[in-house]
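Each chain is listed here by its residues.
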Amino acid sequence: MPSVIVLLLTCSLLPSRAIRWTSWFGRLTDTLVAPVSHPLTKVSRWLWPAGARFDDREMQQMYEERERLAELYAREQAENGRLREYIKELQRGLELNPGLPVRQLTASVYRNPADLTSRELLIRAGEREGVTVGTVVTCSGLQLLGRVTDVGPATCKVQPITSKAAGRILAQVMLTDANAAGLACTLDPVGDGTLRGPVAQPSGSPTVTPGMTVRLNDPDRWPASSQFVLIGQIETVEPDPAQPLRTVITVRPSVLLDRVGEVYLRLEGPIPGDAAGSRSGGRS
Amino acid sequence: MNWVAFALFSWVLLGLETSMRGTLALGDAYRASPSFVFPFAAFLAIAAPSTTARWSALLLGLLVDLMTSLETRDAGASITLLGPNALGYLLAAQLIIIIRALLFPRNPLSLGFVSFAGYLVAQIVVVALYTLRHRFDPSMVWEATPELVSRLLAALYTGGVAVLLGMLFIPFAGVLGLQIGSPRGRFARRGI
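Just so you know, the sequences run in chain order A and B.
1 is the number of the first residue of the first sequence in my numbering; add one for each residue after it.
1001 is the number of the first residue of the second sequence in my numbering; add one for each residue after it.
Hints were generated in silico from the structure; no laboratory data involved.
Every value quoted in this text rests on a predicted model; they were computed, and no experiment measured them.
Hints are supplied without guarantee of correctness; some may be wrong.
[Unchecked claim] Between beta-carbon pairs, the in silico distance windows are:
id, chain 1, residue 1, chain 2, residue 2, range
1, B, Q1179, A, Q104, 53 to 63 Å
2, A, P153, B, W1011, 17 to 27 Å
3, B, P1146, A, M59, 48 to 58 Å
4, B, L1103, A, V4, 26 to 36 Å
5, B, P1146, A, R246, 18 to 28 Å
6, A, P15, B, E1143, 12 to 22 Å
7, B, F1136, A, V4, 45 to 55 Å
[Said to hold, decoys possible] With a cut-off of at most 20 Å between alpha-carbon atoms, the simulated DMTMM-like pairs for lysine to aspartate or glutamate come out as follows:
id, chain 1, residue 1, chain 2, residue 2
8, A, K164, A, D150
9, A, K164, B, D1137
10, A, K42, B, E1143
11, A, K164, A, D188
Positions of the beta carbon are idealized from the N, C-alpha and C atoms, including for glycine.
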């Protein structure tokens, strides 16, 4: 027993690169526990859903369709502006890169971490389905959930945007659904399921109010296919304590991200083993 | 102890732990959720022989460690750290072994109380080890004070859940090869 205690104490304090091998055992335990955790997760998510539950399946589909169109419209508007700029550049002799095709894969969450220090979700989709590190993940109502941080053959880990480790994201407060006009903001995860940060408000710009929609607009760190995906709604608007003339907003995702039961993985590139790339994947 | 039954119980409880923790979590700033595995370790510490109780607590803690991945700021990579929960569970089991002579082992409230106290001790060990590690590994996303508050609340929550789990564990003591509530020590010698 004393030697085991010394070994575990040493393991606890070894540098990260020296304990990479432990993740293999973690995955093995995962596989063994999955037959129990997966059905129980399904039951628990059914009993306590992440957000508003639609009694009518058709109603939910319509809501998601509306959200998809709003996202697509905002993205197309932004893309339109960007293409105008590209055309100008092309006329100067630069080459335009065509966008990669995107397909959506449905997968279920099979467990949370055993310790609440981590907010990662474990998903039943992995390398076999074409999931890679960095794949963007959304959930019900096309709410942005986060990004894949680790991929195994059949499973992957997703780090939600509300996790402190996820870091800063650039977003846009949508002033109206009719066009892509909005105010840029920088959001940091607070740790309580919300994101908080300042809004750039040029003089004469409309006032930011609670309830406004905030969408992703971070082309440098997130793929083009995920731009203008929903981040959440503004919960509070308050002056920055350090600079009272600046406004700080708190954004809450439309669903509780750690209670999500089913997610959509946005895979870029052709479907593995399908040269045509026209089929859409799905698994739950 | 019947190790096959132990493995089966551990398997189901780990499944419960990883599927229900997120769902049963309370609070936003300080998230608290109950543990299902720790009450089992506490139950074994009450009812099993000392050495068996220590090894089973160590094993259960190790399984919790394996099912926990710590997020880091290094491009979102996470690490599986073996040790903090295993050592925490072991120390908690030792505490329960010391005080078990004073308990009514057949009363689920006893399990509730030792689960609260033991889980608190285990989580203090976990927080101490993570904090120590964080001092030389700043990529770890870690804040000791909120974690300690969350875990104190989680200990209370675990104590409550343990009372309910105790009602399930006590009838299954025979399956686990344990003789719970049998006279011990001086009472045994007097035949009481």
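These are the hints, each one checked on the structure:
1. Between Q1179 (chain B) and Q104 (chain A) the Cβ separation comes to about 56 Å, which falls inside the hinted range of 53 to 63 Å.
2. Distance hint check: the CB atoms of P153 (chain A) and W1011 (chain B) are about 22 Å apart, consistent with the given range 17 to 27 Å.
3. Checked against the hint of 48 to 58 Å, the C-beta distance between P1146 (chain B) and M59 (chain A) comes to roughly 39 Å, which is inconsistent with it.
4. The hinted range of 26 to 36 Å is satisfied by L1103 (chain B) and V4 (chain A), whose Cβ atoms lie roughly 27 Å apart.
5. Taking the beta carbon of each, P1146 (chain B) and R246 (chain A) are about 26 Å apart, inside 18 to 28 Å as hinted.
6. In this structure the hint that P15 (chain A) and E1143 (chain B) lie 12 to 22 Å apart at CB holds, the actual value being about 21 Å.
7. Between F1136 (chain B) and V4 (chain A) the beta carbons are some 24 Å apart, a value that contradicts the proposed interval 45 to 55 Å.
8. At most 20 Å may separate the alpha-carbon atoms for a hinted pair to count; K164 (chain A) and D150 (chain A) meet this at roughly 17 Å.
9. Of the pairs offered as hints, the one joining K164 (chain A) and D1137 (chain B) holds, with about 16 Å between alpha carbons and a cut-off of 20 Å not exceeded.
10. Between K42 (chain A) and E1143 (chain B) the alpha-carbon distance is near 31 Å, which puts this suggested pair outside the 20 Å criterion.
11. The suggested pairing of K164 (chain A) with D188 (chain A) holds, with an alpha-carbon distance near 8 Å, which does not exceed 20 Å.
The structure fails to meet hints 3, 7 and 10 from the earlier list, while all remaining hints are met.
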